[in-house]
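Student: The task is simple: from the sequences and hints, build the whole structure.
Protein chains: 2
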Amino acid sequence: MKASRFFIGTLKEAPADAEVVSHKLMLRAGMIRRVAGGIYSYLPVGLRSIRKVEAIVREEMNRAGALELLMPAVQPAELWQESGRWEQYGPELLRFKDRKQSEFVIGPTHEEVVTDIARHQIKSYRQMPVNFYQIQTKFRDEIRPRFGVMRGREFTMKDAYSFDKDQAGLQESYRKMFDAYVRIFTRIGLEFRAVNADSGSIGGNRSQEFHVIAATGEDDIAYCPASDFAANVEAAEALPLYAERAAPREAMQKTATPGKAKCEAVAELLNIPLERTIKSIILATDNEGAEPTIWLLMLRGDHDLNEVKVGKLPGLAGFRFATEAEIVEWFGTPPGYLGPIGTKKPVKVVADRTVANMSDFVVGSNEVDYHTTGVNWGRDLPEPEVADIRNVRPGDPSPDGRGQIEICRGIEVGHVFQLGTKYSEAMGATFLDENGKPQPMVMGCYGIGITRILGAAIEQNFDERGIIWPEAIAPFEIVLCPMGYDRSESVRAETDKLYAQLSEAGIDVILDDRGERPGVMFADWELIGVPHRIVIGDRGLKEGKVEYQGRRDTEPTLVALDQAAGFAAEKIRAALAR
Amino acid sequence: MKASRFFIGTLKEAPADAEVVSHKLMLRAGMIRRVAGGIYSYLPVGLRSIRKVEAIVREEMNRAGALELLMPAVQPAELWQESGRWEQYGPELLRFKDRKQSEFVIGPTHEEVVTDIARHQIKSYRQMPVNFYQIQTKFRDEIRPRFGVMRGREFTMKDAYSFDKDQAGLQESYRKMFDAYVRIFTRIGLEFRAVNADSGSIGGNRSQEFHVIAATGEDDIAYCPASDFAANVEAAEALPLYAERAAPREAMQKTATPGKAKCEAVAELLNIPLERTIKSIILATDNEGAEPTIWLLMLRGDHDLNEVKVGKLPGLAGFRFATEAEIVEWFGTPPGYLGPIGTKKPVKVVADRTVANMSDFVVGSNEVDYHTTGVNWGRDLPEPEVADIRNVRPGDPSPDGRGQIEICRGIEVGHVFQLGTKYSEAMGATFLDENGKPQPMVMGCYGIGITRILGAAIEQNFDERGIIWPEAIAPFEIVLCPMGYDRSESVRAETDKLYAQLSEAGIDVILDDRGERPGVMFADWELIGVPHRIVIGDRGLKEGKVEYQGRRDTEPTLVALDQAAGFAAEKIRAALAR
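Chains as they are written, first to last, in the working numbering: chain A, 1289 to 1866; chain B, 1289 to 1866.
Keep in mind that a hint or two might mislead.
Stated by the list, open to error - Simulated coverage check for chain B against chain A, where a stretch passes if three residues somewhere in it have a Cβ under 8 Å from a Cβ of chain A: (1) 1350 to 1359; (2) 1417 to 1429; (3) 1806 to 1819.
Unchecked claim - Dumping the calculated DSS-like pairs for lysine-lysine here, alpha-carbon to alpha-carbon at most 25 Å: (4) A:1833 with A:1785; (5) A:1600 with A:1636; (6) A:1633 with A:1542; (7) B:1542 with B:1636; (8) A:1411 with B:1632; (9) A:1388 with B:1385; (10) A:1388 with B:1388; (11) A:1710 with A:1633; (12) B:1411 with A:1290; (13) B:1785 with B:1725; (14) B:1859 with B:1833; (15) B:1300 with A:1411; (16) B:1725 with A:1300; (17) B:1542 with B:1600; (18) A:1550 with A:1464; (19) A:1411 with A:1725; (20) B:1632 with B:1550; (21) B:1632 with A:1464; (22) B:1542 with B:1411; (23) A:1388 with A:1411; (24) A:1632 with A:1548; (25) B:1411 with A:1725; (26) B:1632 with A:1385; (27) A:1785 with A:1290; (28) A:1600 with A:1464; (29) A:1411 with A:1542; (30) A:1859 with A:1785; (31) A:1725 with A:1710; (32) B:1290 with B:1833; (33) A:1633 with A:1550; (34) B:1636 with B:1550; (35) A:1300 with B:1411; (36) B:1388 with A:1385.
In case anyone wonders, no lab produced these hints; they're calculated from the structure.
Every residue gets a Cβ at the ideal spot worked out from N, C-alpha and C, and that includes glycine.
Tutor: Here it is as structure tokens:
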């Protein structure tokens, strides 16, 4: 491609509302243009990267035996009513009426449509396993679209749906997709991690997320460098930090802690480690036609509540935080010095696994400005319900028992999920098994955020000058920057020759023949993030040399003109093989 | 591809609501599945054909220098308000509100979005010409979606938009697109015709449609076999059928024609040719705050009114047919025996070009059961306004003066259009010209109905057994049908060898290893429309032969096994080169 025939739309400044690096750089590099909140056009340079991502995804999906189809963006409400999601989904499901007042949605996902296809097309166990995928436009009416393509409203996804005759089949289909995802993100050239999205101890169908590791990621990922354990902090199992409970050594005692409502302040005042204090968190669950149930959750002073885990506990689905009025009614005191001992009305106590193994701890006295020290289970208060209700922290033991947890930030770019029979049962997608008996199909679903990958790749690879694309998804692999293409015959001739050599070698090369000054040329291509560059100038040509520079290199390398194409090709090949 | 790993979803019967052949066959061949009225999923076999169409379109667009980008399906109302189309468009523009009550549309086309991109990205004449295209999902809320993918609501289009600094540039951009379209439809293997969509005599910007010729087409195309003239009948210029007006020979006379309101009946009663009679058509145009203007349009008895042409005449934009009450008020008689002579109130008379050169003709007398014969211009009624207001008919002289018109039916699959500055002026898309003066960009737009091409190709190529795909867009180029793949080792071995040979030759081959009976196999692939087939069986193999059969052949050809791959490859190559 020659730049004069292409469209370069770099900008000096990013709009002020671009919050994250990838958003700013994609706008400045002329990859995207905003059409409305969370809705973008992909300009030619941006679309080239998208097409490369799509090609890799398509190749690996086909290799894994998945079959491409294409479902519509606009879906009838009836299908969503059948699955029950018409009611379950919130306002991010974009609903509208057509000219005949029939209700439709713009699909944020396609479980309903694909299940409808399956129930009509799959009659027998002999037709399975089958895995349908598409690369398609989705719409999710985010309340606050932001971060450019990372949390947009209209976006491109690859979504796949597997249909199996039994759970064993699903496991195999799931494994194939998992392996394909590993190949996809490896080929794209991203540092990524597959993490458990769902805690095994709490149950539920298996589900894993693929995260691109980046300091600016939205999600906290717990992982163990000594093993392959990795899980979203939302889901990572927290083990008790004490193997067993020590015997009580202190007597229980009420202590004045005036103005010290927080655990940190109490520990400082009493001169004890924060790890001896207990945080009481008051939740409520509503009971129809009766007063709510009030829960007291106990966490070690330095630990944080994990609301996802709490929501999965028996009786706590749909919990809310208790109101101040409820706290006064149940504890006889306003929030601040609460504890499990001597409540005014009975509450349900749930202790975190770590708290359950503590002795001689400190809790609020249910009286303003007082705490109780030397509290012990069994002696001072009954044995509690025990559950994993906290977030893991760096240094915690890994749940697989093979080392300590570390935490990094990640951007979710893929998700594999064992759906089971949820949709096939709701929508009557059955097949005849070996005995001629109808059975619900066993489903899995597998998503990759195609447009999101661009943002994630940039968050992981940029510097102050711009984007640094992994070779596999760079809009161009290499740029040729001639110094005086219009003025110097030898520069033009050698540049054209190099361009022809690289093109013939199957390398995606762009020749900057726009006649811009070197500074403008370099700045544009560094901003756009082309990973390799060769500068051709009269001075170098006199010595038979050109200047090669990788996007991360601090200095150029002089390369003999007749070896330049091979040199660059080898650099690109090596990078792609990484 | 092996059929056991693919998904064949052929059906015995098409749903009753499928009206046209292509719709029935696409459903029966398992290419599409209906999701809602005018909304389809493309199953794997259907998507393969779509992808082949897309690849050809993309290749030729790139070759013509157009740059691919991707605009969103969801577009903000503001852009449509700027262009004025928010008000102009009818209910086929799907409008909705997002969760914040902002108004959006699902785009049926992208002039507004691309003009918004251009006005922000193009600053100087040096950045033009540029032509942006996309292959993307559109939505048009048709009141009566039908004919499967031919008149769907959600569909895939290639749309391109060129930006030039002046009209000469637009001509050149337009010519490039026209040439690309000719290559695209030629490569796809369709019999097509480029037709004028807009009559040159009436004016307006240049616009041409590409029609696939098919008996079931929705449009009538007038063309001249002796020249390259072709135009939509809506737009084809009708010349006067008489070079000049003959001198009057009859006296004007009122004649009883009881019960003969129609021209045919009058001609029969009076024993004169239908060509001597005149049809009077009464139209009205409304005037604000005043009574409407009533128009009497005169056509030869055997001619039909062309409403598109009429709508472009001065004063007749937005015309309607007059009501019965208006006819009684202006003509003093109910509809049936109307004519230009002796109206009750003055009407504006427009005569078709042919009528203007007639003598001694017959018109209604504005009295029930009476006609007036021997009517002549100038003598019996004033010289009329003359205009081209009729449809051309077979046998008419071609407007280019080089032969006679014939008429065929076509399916519109492409459209090229010189927009000029309509959108750039409405939306302020200006650039600085050579003198630093702001000028509106000069635009063209160019569409191809990607999904529609599938339907059109089938309407042109089918028989009672199913589809007959042109090789370039067939889901597979050739199918191997082994007789007893599971039972006969030699059949399996030779089939596998042939499969490998064809695959290596770059041929898109499917091997039917499903173990179906021959009848089922043949029926499936004939329905799906794979254009070439090789049958491998033990009987033939004994003689070292296999059976080749083209989809249009009535008999198979015996081919030596070792030449079979080459034989088939040559057939496919020859077909693609056609």
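Student: Work down the list of hints and note, for each, if the structure agrees.
Tutor: How the hints compare with the structure:
{"no.": "1", "hint": "1350 to 1359", "result": "holds (count 6)"}
{"no.": "2", "hint": "1417 to 1429", "result": "holds (count 5)"}
{"no.": "3", "hint": "1806 to 1819", "result": "violated (count 0)"}
{"no.": "4", "hint": "A:1833 with A:1785", "result": "14 Å, holds"}
{"no.": "5", "hint": "A:1600 with A:1636", "result": "16 Å, holds"}
{"no.": "6", "hint": "A:1633 with A:1542", "result": "20 Å, holds"}
{"no.": "7", "hint": "B:1542 with B:1636", "result": "22 Å, holds"}
{"no.": "8", "hint": "A:1411 with B:1632", "result": "73 Å, violated"}
{"no.": "9", "hint": "A:1388 with B:1385", "result": "17 Å, holds"}
{"no.": "10", "hint": "A:1388 with B:1388", "result": "24 Å, holds"}
{"no.": "11", "hint": "A:1710 with A:1633", "result": "41 Å, violated"}
{"no.": "12", "hint": "B:1411 with A:1290", "result": "20 Å, holds"}
{"no.": "13", "hint": "B:1785 with B:1725", "result": "68 Å, violated"}
{"no.": "14", "hint": "B:1859 with B:1833", "result": "17 Å, holds"}
{"no.": "15", "hint": "B:1300 with A:1411", "result": "14 Å, holds"}
{"no.": "16", "hint": "B:1725 with A:1300", "result": "24 Å, holds"}
{"no.": "17", "hint": "B:1542 with B:1600", "result": "35 Å, violated"}
{"no.": "18", "hint": "A:1550 with A:1464", "result": "50 Å, violated"}
{"no.": "19", "hint": "A:1411 with A:1725", "result": "11 Å, holds"}
{"no.": "20", "hint": "B:1632 with B:1550", "result": "22 Å, holds"}
{"no.": "21", "hint": "B:1632 with A:1464", "result": "84 Å, violated"}
{"no.": "22", "hint": "B:1542 with B:1411", "result": "71 Å, violated"}
{"no.": "23", "hint": "A:1388 with A:1411", "result": "34 Å, violated"}
{"no.": "24", "hint": "A:1632 with A:1548", "result": "22 Å, holds"}
{"no.": "25", "hint": "B:1411 with A:1725", "result": "68 Å, violated"}
{"no.": "26", "hint": "B:1632 with A:1385", "result": "50 Å, violated"}
{"no.": "27", "hint": "A:1785 with A:1290", "result": "13 Å, holds"}
{"no.": "28", "hint": "A:1600 with A:1464", "result": "29 Å, violated"}
{"no.": "29", "hint": "A:1411 with A:1542", "result": "71 Å, violated"}
{"no.": "30", "hint": "A:1859 with A:1785", "result": "19 Å, holds"}
{"no.": "31", "hint": "A:1725 with A:1710", "result": "19 Å, holds"}
{"no.": "32", "hint": "B:1290 with B:1833", "result": "22 Å, holds"}
{"no.": "33", "hint": "A:1633 with A:1550", "result": "24 Å, holds"}
{"no.": "34", "hint": "B:1636 with B:1550", "result": "22 Å, holds"}
{"no.": "35", "hint": "A:1300 with B:1411", "result": "14 Å, holds"}
{"no.": "36", "hint": "B:1388 with A:1385", "result": "17 Å, holds"}
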